[in-house]
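*Asks:* Following the hints, position chain C against chain S.
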Amino acid sequence: MSIPFESRHIGTDAAAQRVMLDALGYDSVTALVEAAVPQSIHASDVGEGSVIPEPATEREVSAELRELANQNSVKRSMIGLGYYDTITPAVIKRNVFENPSWYTAYTPYQPEISQGRLEALINFQTVVAELTGLTTSNASMLDESTAVVEGMLLARRASKQKSATFVVDADALPQTKSLLASRAEAVGIELVELELATTAPDDLPEAFGVFIQYPGASGRIADPRHLIEKAHAGGGLAVVAADLLALTLLESPGSMGADVAVGTSQRFGVPMGFGGPHAGYMAVRKGLERQLPGRLVGVSVDAAGNRAYRLSLQAREQHIRREKATSNICTAQVLLAIMAGMYAVYHGPDGLRAIATEVNARAIALATTLRAGGFELAHEHFFDTLTLLVPGRARALSDAAYDRGYLVNVVDDDTLSVSVDETTTQHDLMQLTLALDAVPRGTATYSRVLPSLPEGLARTTDYLTHPVFNTHRSETSMMRYLKRLSDYDYALDRGMIPLGSCTMKLNAATEMEAVSWPEFAGLHPFAPRDDVTGYLSLIDQLETWLAEVTGYDSVSLQPNAGSQGELAGLLAIRGYHRSRGDDSRTVCLIPSSAHGTNAASAVLAGMKVVVVACDELGNVDVDDLRTKIGEHASALAALMITYPSTHGVYEHDVVDICRLVHEAGGQVYVDGANLNAVLGFARFGEFGGDVSHLNLHKTFCIPHGGGGPGVGPVAARAHLAPFLPGHAFAQKQEHPVVDGTSSGGTSSGGTVVHAGGAVSGAPYGSSSILPISWAYVRMMGSEGLKQATGAAVLAANYVAVRLRDHFPVLYAGDNGLVAHECILDLRPLKDATGVTVDDVAKRLVDYGFHAPTMSFPVAGTLMVEPTESEDLAEIDRFIEAMIAIRAEADAVQAGEWPAGDNPLVNAPHTAQSIAVGSWEHPYDRERAVFPVPSLISHKYWPPVRRIDQAYGDRNLFCACPPPEAFE
Amino acid sequence: MTDFDQLRFTAEHEWVRLAPADAEAGTAPSATIGITAYAADKLGDVVFVDLPDAGVEIADGAVVGEIESTKSVGELFAPVNGTVLEKNAAVEDAPELVNSDPYGEGWLIRVEYTELPELLNYADYQALLGDEAESVQ
Chain S
1 MSIPFESRHI GTDAAAQRVM LDALGYDSVT ALVEAAVPQS IHASDVGEGS
51 VIPEPATERE VSAELRELAN QNSVKRSMIG LGYYDTITPA VIKRNVFENP
101 SWYTAYTPYQ PEISQGRLEA LINFQTVVAE LTGLTTSNAS MLDESTAVVE
151 GMLLARRASK QKSATFVVDA DALPQTKSLL ASRAEAVGIE LVELELATTA
201 PDDLPEAFGV FIQYPGASGR IADPRHLIEK AHAGGGLAVV AADLLALTLL
251 ESPGSMGADV AVGTSQRFGV PMGFGGPHAG YMAVRKGLER QLPGRLVGVS
301 VDAAGNRAYR LSLQAREQHI RREKATSNIC TAQVLLAIMA GMYAVYHGPD
351 GLRAIATEVN ARAIALATTL RAGGFELAHE HFFDTLTLLV PGRARALSDA
401 AYDRGYLVNV VDDDTLSVSV DETTTQHDLM QLTLALDAVP RGTATYSRVL
451 PSLPEGLART TDYLTHPVFN THRSETSMMR YLKRLSDYDY ALDRGMIPLG
501 SCTMKLNAAT EMEAVSWPEF AGLHPFAPRD DVTGYLSLID QLETWLAEVT
551 GYDSVSLQPN AGSQGELAGL LAIRGYHRSR GDDSRTVCLI PSSAHGTNAA
601 SAVLAGMKVV VVACDELGNV DVDDLRTKIG EHASALAALM ITYPSTHGVY
651 EHDVVDICRL VHEAGGQVYV DGANLNAVLG FARFGEFGGD VSHLNLHKTF
701 CIPHGGGGPG VGPVAARAHL APFLPGHAFA QKQEHPVVDG TSSGGTSSGG
751 TVVHAGGAVS GAPYGSSSIL PISWAYVRMM GSEGLKQATG AAVLAANYVA
801 VRLRDHFPVL YAGDNGLVAH ECILDLRPLK DATGVTVDDV AKRLVDYGFH
851 APTMSFPVAG TLMVEPTESE DLAEIDRFIE AMIAIRAEAD AVQAGEWPAG
901 DNPLVNAPHT AQSIAVGSWE HPYDRERAVF PVPSLISHKY WPPVRRIDQA
951 YGDRNLFCAC PPPEAFE
Chain C
1 MTDFDQLRFT AEHEWVRLAP ADAEAGTAPS ATIGITAYAA DKLGDVVFVD
51 LPDAGVEIAD GAVVGEIEST KSVGELFAPV NGTVLEKNAA VEDAPELVNS
101 DPYGEGWLIR VEYTELPELL NYADYQALLG DEAESVQ
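Residue numbers (our numbering), protein chains in the order written: chain S, 1 to 967; chain C, 1 to 137.
These are calculated hints, taken from the structure and not from any lab test.
For each residue, glycine too, the CB sits at the ideal point set by N, CA and C.
27 Å max Cα-Cα, derived DSS-like pairs, lysine-lysine:
#: 1; chain 1: C; residue 1: Lys42; chain 2: S; residue 2: Lys324
#: 2; chain 1: S; residue 1: Lys608; chain 2: S; residue 2: Lys324
#: 3; chain 1: S; residue 1: Lys324; chain 2: C; residue 2: Lys71
#: 4; chain 1: S; residue 1: Lys830; chain 2: C; residue 2: Lys71
#: 5; chain 1: S; residue 1: Lys160; chain 2: S; residue 2: Lys286
#: 6; chain 1: C; residue 1: Lys71; chain 2: S; residue 2: Lys286
#: 7; chain 1: S; residue 1: Lys939; chain 2: S; residue 2: Lys483
#: 8; chain 1: C; residue 1: Lys42; chain 2: S; residue 2: Lys830
#: 9; chain 1: S; residue 1: Lys324; chain 2: S; residue 2: Lys286
#: 10; chain 1: S; residue 1: Lys324; chain 2: S; residue 2: Lys162
#: 11; chain 1: S; residue 1: Lys628; chain 2: S; residue 2: Lys324
#: 12; chain 1: S; residue 1: Lys230; chain 2: S; residue 2: Lys160
#: 13; chain 1: S; residue 1: Lys483; chain 2: S; residue 2: Lys93
#: 14; chain 1: S; residue 1: Lys732; chain 2: S; residue 2: Lys75
#: 15; chain 1: C; residue 1: Lys42; chain 2: C; residue 2: Lys71
#: 16; chain 1: C; residue 1: Lys71; chain 2: S; residue 2: Lys608
Some chain S residues flagged as far from chain C (calculated, every beta-carbon gap over 10 Å):
#: 17; residue: Ile3
#: 18; residue: Thr627
#: 19; residue: Gly781
So that you can see chain S by itself, here it is in the shape it has in the complex (with noise of 0.2 Å):
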C-alpha cells in the first residue's frame, strides 16, 4: 500500500482545512482560492493535452531517478576548464550536504538563530582571503565566470580610468569569455582580448581594469605582476581569477598587487553535479569592501557583549538600494560555501598543501612521460592542466581516451590539454598514457624530472594558522564541530519559518536522494552529449512541465539564481527589441512595490529604470501606469510586475495593465517570486507575461540550503524564445516547444534553440540539483500541484484572519482575501507601545519560532507565508504566540514593564542570560525564557543575544576572530 506523496507534501489534511475553511466562512479550498484569483486570469483547463505525468509514489519516482541515472555514464573526467574531480570528505557529504539541519536553513537574516552557518561561512571567508592574500571575501558567488563579470563590474565603478576599456587574457577559461562578451555589450563595456602572458606592460591599453587568469586555461602560469603595475599605473584595477588549490603554492593575487580575487571553490569538496550548483567566490583589497557584491558575513557583539556573527552591510544590497546597488546577486551559494570551508578545516593548512603538491606532482609525472613519448607541451610552467601541440591528431587522441573511460579537452585540431586533480591515481596516468599511445619506445629516453612551478612564484606567505584550521583532523571531532554548528541554529527540521516571499516549504527526503549520486553529482558540465542522455531527458521533461504550468512555450534551467533568471529574461526582452531594429527601446517600467532586485537587474540588462506608482494597497496605480506609457512610448521596453505582487495580492487589473504595455510596444515581464500563489490557477503566459523567471527554491522545493543554492529558470513566450540564454558546451542546443499560450499547455513536438548569450557557466546551470524539482513535479501531478496552492493560500488566509483582531492585516485583494501570505503591520503597536518589529521578531525566537519577513516590503511590518507544508497545529502554535507576544506588548503600553526592561527589548534569552549571576528584570526567568509550557519539553536555545547591527558596520571584521575573541 502507497499512500500519496501529496498528502505527505502538504501539511493539512482534510479535517484541519475543514477547521480552517470554517474560520473563513467558506465551503471548499477551491471556493476559496477562485474568490481571491481574479476571475479574469483564471487557468484554462489543458485536460487531456498535460505534458504533466499522473502522479507517482516515492518509490516509483526514486525508480525512475535510478533509470535516469543510468542513462548517464560517469567517466574519469580530466577536461578541466574550472571543474575538477574531488574526494567529498564522507564525514561533510553525511553531516553537511545530505543533513536538512544545513541544507533547509535559510538565508542568515535573523543572526541570532543562523551563528552555525555564520561561522561556517566566516570559515570560507577565511579560507578565501588568506589563500589570495587579500582582506575581505564575500560569503561566495554563484559561479567563477559571474563572480568574473561582477569583479568587472567593481573595477568599473571603483576606478578613477574613465576608459570603457577592459582587457582580458585570451587565456581565461572559454565559457568565462564568453559571459564577459554578453554581460559587457549589454552595460556599454568595450572588451579587449590581448595574449597577457605574453603582452609587454607597454602594450596594455588604457583601461579600468584588467582580468588575468592564474593558473590560464591552458594551465600555464605566467608572472603578472608587471602588467598589474601597469595596469594601476593607468588607474585601472587588476581582476585575478585564481585556483585555490594552486594557491596553496603560488604566490597569491593579493601579494602581486591584485584589486580583485574571483574563483570557484568547487574543487574543496564539491561535486562537479553537471555544471553545479558550486560556490564560486570574491575577495577585495582593503578600501573596496564596499564595493563588494552579495553577501558579507562579519563579526559584531551581542547585547551581552559577547562575539557574535551577523550579515554585514546590508544596507548596499539592491533590496535596498534598488537601480544603484552594486549588483544584482542576492544570494550566495552558502550550502557549497559551508562544505568547501570544511574542507579546509578537514584538512587543514597541511593536508591542503599535500593535496595541491601531490596534484601537481601527478601532473609532472604525466608530462615526463608525455614528453618522452614524443609528445610536445606548450609551456613550461603549470600546476595541474597540461597543454599538449598535437597538430591534426586532437580529436583521433581524444576518442582514443575516451574509449578508455577518460574525457579530455579538445581545444582545437591540434591542440588538447588534460587536467589532474586529487582523484587522479596512477593507474589513470597510466591509462591515458596508453590511450595516447605516448608509451616511450627505441630511442626515447626519460628527461630529468622537472619541477613545473616558476621558482619566483612559489608561496612565501602562511595561511590558515587559524586554531579551527588546525584542531578537527579525526572525523569524531569533526562531526561534533558540524554537530555544534548545526545545533546553534533554527532550520526547517526544528519548526516552522514563515517567511513571506520565500516559500519554505517541505524539501522531501526522496526528492533530495538523487543529487548526490555519482551519476548525478560526478559528470563534468562538458561531457559528451552520450554520457548524459539521462540528465538531458529530465532537463527536458522539467523544462516543459514548468512551461505547462506557467503557460509559456520554452524554458531555460541555466540561472543560478532568480536575479540571473531576471537578468536572462530582460536580456531576451532586449535581444528581441534589437533583432526588430528597436535599439531605442530600453525603458523599463517598475512599480515602487517591486522587489529591489527588479530595478538592479534591468540596469544590467542595459536598461534605464522609470518607477511606476502604486495606490495605498500596493497595486499599480494605472493611471500613472498609462502616464509613464505615454512619456516613454517608442522607448518603452518592458514593463516588470510581480503577481501576485510583493504585497501578497492578487493585483485586480492584472490583464489590463499588460494590455497597455504590449499596445505600447513593449514587453510585460512578470515575476514568479510568488508562483506558489497561483500554481494550478493562473499562468503568468496566458494573462500576458510574455518572460518570467521562477524560483525552483521557493514553488519547486530546491532548499535553501542556509541561503543558496538556488535555481531561477526563465520560460518564455515563443516570440521570446531564441533569446533565452544559450551556451557554445551545451551538449543539446534545442529546447522542447510546449505550446504554452493557445490551448494551455500541450506538447508540440517542436523545438527551439536559445541562442541569446549565456548567464552562468556551466550550459544547464546548477544541474545536479534539478531532480529535486523533477521528483516535486512527478511526485505531485498537476492536480496535487494544484492543491498545494490551495492549501498554501488557505494557510495565509486562516493566518491572516486569525490574527487580524491582534494586528492588522495590511493588504487583501478580492473579496478581503490575501493569496500565499500576508502582511501584519506592527507599527500602530510601535506607536502605542514602542515595541518595534525587531522586538517581535527577536521575542518569537524565545517562543521557539524564526521570525517572519521583516520590514520587507513595507518598513515595520511582518510578512507571513506559512507556506502548504506546515499543519494545522504549527499554525496554531505560531498565531498563539503571536497573540501572546501581543499580550506581552500590551502590558508594557499598560506600565506593567517599563519600556526598556521587558521580555520584548531583552528578546531573546539565552541560557546564560537567565542562570548567570543575579536576575534583575521586572519580569521572572520562567517567563524569560518558557512563556508557554509547551516550551519545557521542547525548547530551542539561541546561542547569543541581541546582535548590535551598528557596531558590526561600523568595525567590519569578515574573517575568523583571533582566539583571544573567545575568552
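*Replies:* Chain C only, in chain S's frame:
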C-alpha cells in the same frame, strides 16, 4: 546650542553654515555642510561616510558622497558650487557623530563656494518638515 538662524537648509535635509570672505586672512567665502537631525534620525545608526577629498570640485545638486546606516545608504548632494576645502576626518573614523551631534562635530565637508543657490531658512525648513510629517501620515 545650535543657533538655527545662522544656518541655511536644503530640501535634501542638509544644512549649510556660511562664513564670509575674510580679506585680512585672505580667505574666500566658505560653507560648512552637514545633514540635519531629522535626516540623521531617519537614517538611523550611521556606520560609514564617504566624503569627497579636498580639492574636488562640486556642482550644486550633484551627488558627492554617501552616508550609510544599518538601514539604508543616503546620498550627500552638493548644496553649492565650489571646491572642497576639507572633509571631516573625525566623522570618517567615528560615523556615529552624525547621529550624536549633526550640527556640530558631525559636520561633513567645508567648501569654498563660487555660487550660492537659493537656500531655505530655518522657518522654511521647519515648514517643509511639517509637510513631510503630514505626508507620512
